[in-house]
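S.K.: Residue-level listing of the chains:
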Amino acid sequence: MKSNRWTYIGLSAAVAVATFLVTMLLMNIGQRKQEARQSYLELARLTEDTVDPAEWGKNFPREFDGYKRTVDIQRTKYGGSEAFSKLDRDPRLRRIFAGYAFELDYREERGHAYSLKDQDETERLKQRPQTGACLQCHASIIPAYRKLGGGDVMKGFALVCPMPFAEARKLVSHPVACIDCHDPKTMAIRVTRPGFLNGIKAYKKSQGIDNYDPNTMATRQEMRSFVCGQCHVEYYLAKDTKLVAYPWAKGLKIDDIEAYYDETKFSDWKHVETGADVLKAQHPEFETWSQGIHARSGVACADCHMPYVRQGAVKISDHHVRSPLLNIERACLTCHPFPASEMKLRVETIQDRNAKLLARAEDALVALYEEVKAARAAGVGSEKLTEALALQRKAQFRTDFVNAENSMGFHAPQEAARILGEAIDYARQGQLAVRRAR
Amino acid sequence: MNQFLRLLPSLLAGVLFGVGFFTFHFAEGLSYFSNDPNACANCHIMREYLDSWQKSSHHTRAVCNDCHMPQHLASKLWTKADNGWNHSVKFTLQTFSDPIRIRSANAGRLRANCIRCHEELTSDIRVAPAHARPAELDCVHCHAGAGHGSRR
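These protein sequence lines map, in sequence, to chains A and B. Quick note: the first sequence, position 311, residue 311 per this note's numbering, numbers continuous. Every position in the second sequence, counted from 1, becomes a number in this note's numbering once 1000 is added.
It is possible that some hints are incorrect.
As the list claims (entries may be wrong) - List of simulated lysine-lysine pairs, DSS-like, C-alpha gap at most 30 Å: (1) B/Lys1090 - A/Lys33; (2) B/Lys1090 - A/Lys344; (3) A/Lys315 - B/Lys1090.
If you're looking for bench data, these hints aren't it; they were derived computationally from the structure. Quick caveat, the model's predicted, so the values are computed rather than measured.
Generate the whole structure from the sequences, applying the supplied hints.
M.R.: What follows is the structure, encoded as structure tokens:
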């Protein structure tokens, strides 16, 4: 009788627990079905003036959550998002940038969340006054351009660029934000930066396409690279207008860019050790990627840097923009059917080779500086060194192009090797030119 | 009161069966016994695989089950049960690695189905040289787009 009672109680409890679990499963299935509809609740009204990402986050919490994670600081073998000093890691750079602000402070970039803060704090800006041009990319600035230009973004852009940095800084409050890449009405990705719009228009014109407007003429897959190419590019500050400009009128290859600078007689500064008029490469990720196998295969920046991620039944682009080396499974394995360890090894093999070649190029540059200095000390005049200094300009731009580019050669390994090979050759040719002049 | 207590297990069991059947119905449980490719996308993860199958050369000739399931009824049901259990546990608890990969047992079933239709055509090349891979050549290593279209 007693055991019967326990069976009775145990059985009832077991059935109750089973019912509990089945109900949980039912709710779970219901939730996933709801998620799969990919609907969103418009809690905040977004307009062209909604700069604050937190407002966008009310409607798109998953994407916003990823965006906020760009504060993460994590290092990879050669890059990542920790602001270590590149000058300390590679002291040759102090000599390569002699006389230019980068000799003061040159660090690895941190995530998007820091883009404005890091610009405020760099010694380049504190010790050498800069203009409002920096803010085209370091801040979410389009509404400020529009306001200042009386509705015309291009006009506002032309007004803000020449301003002293401190004055322009008052116009903005957020680092790179949602509105820079998304249309607030439709959420479609779009490009907004005036420098990019002008640059890509000039580039397409060189290919015979007039009045190119990426927002209406580009495919969605192209746009998934263009949004990044708005800022991750080689640029210069035009001497007359002070505008941020992209040197693409002849093409995106380093040779095209160099030809453009040579033709417009542009140089960034006079090298202090040698007196050469030299160029500073910025961060030509977009240009380098465009020469690589991934671009050739139609892979966009976002495919690896913002790969699709599943959250329950929802699939979104990971807005935690970061090095694919920190997210190999999603970034690489969607296309490459190999273990993550294998992919990491492949990437680092490319990067190790590139780093070795880059070190050789820097050594060659420094050797050229020594040769020029020795010649000057021996009384060789500038007029005799013209050829050597022109070769320094070529070697220096090539070395810097690969060094400043944030993939340690990965975006286009063979192209990076070609550029570095040429850099070494030009630097050594420069040494021979000095010897001929003596 | 005594009467109620005596009925309690039956009541509870009734609730369990009711909720259970509803859950089964809500999750479209019966569809898993069919050949309908849409049933595979009930589990949301499979959506893009269903989509890419529609862009593949095979979509007019073969549905999911033609390639991914053994054709003998008993082994077909066993494979469905085995994968169904794995998929539902992993998806419900969200404990799977992304991107998903075919398990080797399933890859073997897949290859058997390639050969089932293309047996004569491939009889010469399937004679693997002695020094080649341990297993037979994997068809989809090269013909990745046969069942699931282009990657883009």
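S.K.: All the hints need checking, so say for each whether the structure fits it.
M.R.: Status of the hints after comparison with the structure:
1. For the hint pairing lysine 1090 of chain B with lysine 33 of chain A, the CA-to-CA distance comes to about 16 Å; that is within 30 Å, so the pair holds.
2. The hinted pair formed by lysine 1090 of chain B and lysine 344 of chain A meets the criterion: a straight-line CA distance of about 27 Å does not exceed 30 Å.
3. Pair hint lysine 315 of chain A plus lysine 1090 of chain B holds up; C-alpha atoms about 17 Å apart against a cutoff of 30 Å.
In summary, the structure agrees with every hint in the numbered list given earlier.
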